[in-house]
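Asker: Protein chains in written order, with the numbering used here: chain A, 41 to 262; chain L, 549 to 805; chain F, 1427 to 1821.
No wet-lab data here; the hints were simulated from the structure.
Keep in mind it's a predicted model, so treat the numbers as computed, not measured.
One or more of the hints may lead you astray.
[Said to hold, decoys possible] Taking lysine-lysine and the DSS-like style, the derived pairs with C-alpha atoms no more than 27 Å apart in a straight line are: (1) 1510(F) with 1457(F); (2) 48(A) with 629(L); (3) 1592(F) with 1499(F); (4) 1636(F) with 614(L); (5) 1716(F) with 629(L); (6) 694(L) with 1561(F); (7) 624(L) with 48(A); (8) 1561(F) with 639(L); (9) 624(L) with 1716(F); (10) 652(L) with 1447(F); (11) 48(A) with 684(L); (12) 1716(F) with 652(L); (13) 584(L) with 48(A); (14) 115(A) with 125(A); (15) 739(L) with 115(A).
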Amino acid sequence: MLRPYEIKLQNIKEEISKIGIDVVNSLELSLRALEDKKIDDLKNVELTEKKLLLRSNEIDNIIVTTLALYSPEAKDLRQLVSYLKITNELVRTGSNAKDFAKMFKKSYSDDLNTNMILEYAVPLLKSALLSLQTSISILDETNANHIEEKYHRVIVEESKTDDLYLMIEKNILKLISKNLDLSKEYFDILSALRRLEKIADRAVSIANLLHFAQVGGDMVQS
Amino acid sequence: MIENDNKTKIAVKNLNLYYGVNQALFDISANLYENKITALIGPSGCGKSTFLRCVNRMNDLIPIVKIDGSIIIDNKNIYDKDVDEVSVRKKIGMVFQQPNPFPKSIYDNVSYAPLKHGIVKKGRDCDELVELSLIKSGLWNEVKDKLNQPGTSLSGGQQQRLCIARTIAIKPEVILMDEPTSALDPISTEKIEALMLELKQDYTIITVTHNMQQAARVADYTAFFHLGKLIEYDETQTIFVNPHNKKTEDYITGRFG
Amino acid sequence: MIKRKKEKQNNNPFYDSTLKKRHASAARFKKFTLTSLLFSIAFLSFFLFDIVGKAIPAFKVAYIQTEVTFNEKSLDDTRFAVDKKYRDLVSRAWLRDIPSLLKENPNFMNTTITTWVLADDQVDQYLKGHHHKLKENEITFVENLLSQGLIENKFNAIFFTKGDSKIPEYAGLYSAIVGSVLTLIITMMVAFPIGVMTAIYLEEFSSDNKFTRFIEININNLAAIPSILFGLLGLAIFINLFGMPRSSPLVGGLTLALMTLPIIIVSSRAALRAVPDSIRQAGYGLGLNKIQVTRDHVLPLAFPGVLTGSIIGLAHAMGETAPLIIIGMIAFIPDAPTMVTQAATVMPAQLFTWAGMPEGMYIEKTAAGIVVLLTILISLNTVAIILRKKFEVKW
Chain A
41 MLRPYEIKLQ
51 NIKEEISKIG
61 IDVVNSLELS
71 LRALEDKKID
81 DLKNVELTEK
91 KLLLRSNEID
101 NIIVTTLALY
111 SPEAKDLRQL
121 VSYLKITNEL
131 VRTGSNAKDF
141 AKMFKKSYSD
151 DLNTNMILEY
161 AVPLLKSALL
171 SLQTSISILD
181 ETNANHIEEK
191 YHRVIVEESK
201 TDDLYLMIEK
211 NILKLISKNL
221 DLSKEYFDIL
231 SALRRLEKIA
241 DRAVSIANLL
251 HFAQVGGDMV
261 QS
Chain L
549 MIENDNKTKI
559 AVKNLNLYYG
569 VNQALFDISA
579 NLYENKITAL
589 IGPSGCGKST
599 FLRCVNRMND
609 LIPIVKIDGS
619 IIIDNKNIYD
629 KDVDEVSVRK
639 KIGMVFQQPN
649 PFPKSIYDNV
659 SYAPLKHGIV
669 KKGRDCDELV
679 ELSLIKSGLW
689 NEVKDKLNQP
699 GTSLSGGQQQ
709 RLCIARTIAI
719 KPEVILMDEP
729 TSALDPISTE
739 KIEALMLELK
749 QDYTIITVTH
759 NMQQAARVAD
769 YTAFFHLGKL
779 IEYDETQTIF
789 VNPHNKKTED
799 YITGRFG
Chain F
1427 MIKRKKEKQN
1437 NNPFYDSTLK
1447 KRHASAARFK
1457 KFTLTSLLFS
1467 IAFLSFFLFD
1477 IVGKAIPAFK
1487 VAYIQTEVTF
1497 NEKSLDDTRF
1507 AVDKKYRDLV
1517 SRAWLRDIPS
1527 LLKENPNFMN
1537 TTITTWVLAD
1547 DQVDQYLKGH
1557 HHKLKENEIT
1567 FVENLLSQGL
1577 IENKFNAIFF
1587 TKGDSKIPEY
1597 AGLYSAIVGS
1607 VLTLIITMMV
1617 AFPIGVMTAI
1627 YLEEFSSDNK
1637 FTRFIEININ
1647 NLAAIPSILF
1657 GLLGLAIFIN
1667 LFGMPRSSPL
1677 VGGLTLALMT
1687 LPIIIVSSRA
1697 ALRAVPDSIR
1707 QAGYGLGLNK
1717 IQVTRDHVLP
1727 LAFPGVLTGS
1737 IIGLAHAMGE
1747 TAPLIIIGMI
1757 AFIPDAPTMV
1767 TQAATVMPAQ
1777 LFTWAGMPEG
1787 MYIEKTAAGI
1797 VVLLTILISL
1807 NTVAIILRKK
1817 FEVKW
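Looking at chain A on its own, in the form it has when it is part of the complex (with noise of 0.2 Å):
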């Protein structure tokens, strides 16, 4: 392999992980917040769509180049595509994960059921950043049964996060029922949660890119 052609892949990779971190590095603090119960700390949360669009472009057009001046083929064809794809779902999970800390601290109020929320918001929340990080985690992984193992990972959190999220919906359904007034806020938490739930789709979707760029196979969106 070529030095230049090395270097650009090195470049690409990176690039990519930093965006990963930076979301992770969200919701994290958002996690934070949940716990301590000092949901005001989720104004920290500093995400913006219009940077992250700015960082996925670049890392497509230098993605592009190297398609066209390297003419990669086999694995190293598959994990540009891949990265190519991935960066796009990074910027949507970017996004889901700022309207989270802006919904929820928005619309929480101590005249909610706040137990009952944080008791589900919590665990959906640490699942969606698990099976975020995981799925980041892929991008530095060289051993195909690491890869396996992770990439199962993260579909296993996923479904916890299916889980937590129909209990949640139901359970808060329930107290709209009784608390029409309140229906509002209630409705934009539920919305601010489902936008953790998409989080961890994404997670799932990066790691089928990862996925299949390591192992092959065809291409499938999830």
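On the provided structure of chain A, position chains L and F as indicated by the hints.
Answerer: Just chains L and F, lined up with the frame of chain A:
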């Protein structure tokens, strides 16, 4: 022309070339940059090899060739009357498509020209120059124990690297490569490409290749020739990602040539 | 029959009905070419057999053991050195050599020694069973001597150490060999450098225009000119115009040089042309000039071909008779020349002369001469092949 901080090593101005009555190169003008790899691409018969051979005046060996225009290297037009073509070729070396080592020993292959030009005297100086040239072309470890064996006993890829060592032994400033890897297998090709990337730190490299992907991999600048004209000359990235000229695009995408 | 054919067609996807005829035609052709080869071999073998058969007797010659008297009388007239009975049976030429024998061994003076004396050619021919002119009593006497063991066949050193002679038993090839060698040395010294340099100029330095093409056509034509015309040329220019000595190796060598020149030029050009152009390109690419490229790179590679061509030209020249006859090398030369300006003869001319002599012994001497000439030519060609193989550079 491209705006950049690069230093121009070879300035080609309005170069026209005729084989008897047939014109082969039409008004070529370009600035080729120092310590960069410039690739010349284009379909067969487009004039890229002819152009390359103008840079070191190898076309002067063909009697019916007539050349108009100028090629200015280090502020001197090499086609001026007071410039001896032999001295031009000392500064501008050439590596050919078919590896063509002399039927002498490996040592003699590398040392012959420097001794004749008086760059070194026989003895330790010469030995050091041979060793240095072979190290730089990545061949030293493979041949250091058999310097007396004939150059033709090496494999194709090794022979080509020997030819490169022979060329850099006369301490040129520019190295011209005429399809240096088209006669080699993929592994040897990769070795030569990696070597080119290393050599560009010390030399200016102009290479003709009919393999576009090779140009994409190694060249900093690419020039596209078609039917004797220079169609587009730009950074490789631009040529391969968004070329300005439609002919260039058609060639790159394989729609002709 | 048809059914079987159809079966063949059905079972065998590779069946082709025209093949049988084609294979038969090919086999016939093969037989025909083989027959031609065998015919050529038979012809050659017959020739070789015949010549060698005729030549072998020449390498042994009869000697008679008798008394030879060394005294004043015998030195005066050497016929008196032997007994009267032997006088006609012993070689007159050998007797004439007695004074020089005495010079080597002065102590022989006034003594009589028993030694082997060369027999007369008629005795030798009689012993070998060929046509002879011995009388009855001579035959009886010879048979008597034979039964007493006083006649022996010894190796014919005279053939290789003495020059031509009117006396058959004393005729040898030596002066012709020396003449040939001197002539060919001159030929090579003149033809080789001029030929190779011409080839180098025509191939490397001259430009391709009408004039050089004209020269090239004419050189090729020269190679096909009948050799006797070169003899006339030599006569007119070297002997008449320059006044060089007639029938000398100098003139012979120069004439043969003119004849060999086209061959050397053509083969050298082919050898130079065979050097791949990539070597020259590599040389020029390194900033070498024409002399350096040609002398140090092209010439060494072309050298085996040049050498082979020259040796073949040399072998060719060695067997040339016609031009040398015209310039006079057919004269009777008993003594070997010591300088290139002295009169000499060459081997083929000598054989030509011997073939016309009446005495029977010359027949076997001619055949022996042919064998010697053939041996030399074959060795030269073998040397050419060995040298070519040795210096061949593998690509």
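Asker: It remains to establish, for every hint, whether it holds in the given structure.
Answerer: So, going through the hints one by one against the coordinates:
no.: 1; hint: 1510(F) with 1457(F); verdict: violated, 68 Å
no.: 2; hint: 48(A) with 629(L); verdict: violated, 47 Å
no.: 3; hint: 1592(F) with 1499(F); verdict: holds, 26 Å
no.: 4; hint: 1636(F) with 614(L); verdict: holds, 21 Å
no.: 5; hint: 1716(F) with 629(L); verdict: holds, 19 Å
no.: 6; hint: 694(L) with 1561(F); verdict: violated, 81 Å
no.: 7; hint: 624(L) with 48(A); verdict: violated, 39 Å
no.: 8; hint: 1561(F) with 639(L); verdict: violated, 95 Å
no.: 9; hint: 624(L) with 1716(F); verdict: holds, 24 Å
no.: 10; hint: 652(L) with 1447(F); verdict: violated, 54 Å
no.: 11; hint: 48(A) with 684(L); verdict: holds, 25 Å
no.: 12; hint: 1716(F) with 652(L); verdict: holds, 19 Å
no.: 13; hint: 584(L) with 48(A); verdict: holds, 19 Å
no.: 14; hint: 115(A) with 125(A); verdict: holds, 15 Å
no.: 15; hint: 739(L) with 115(A); verdict: holds, 22 Å
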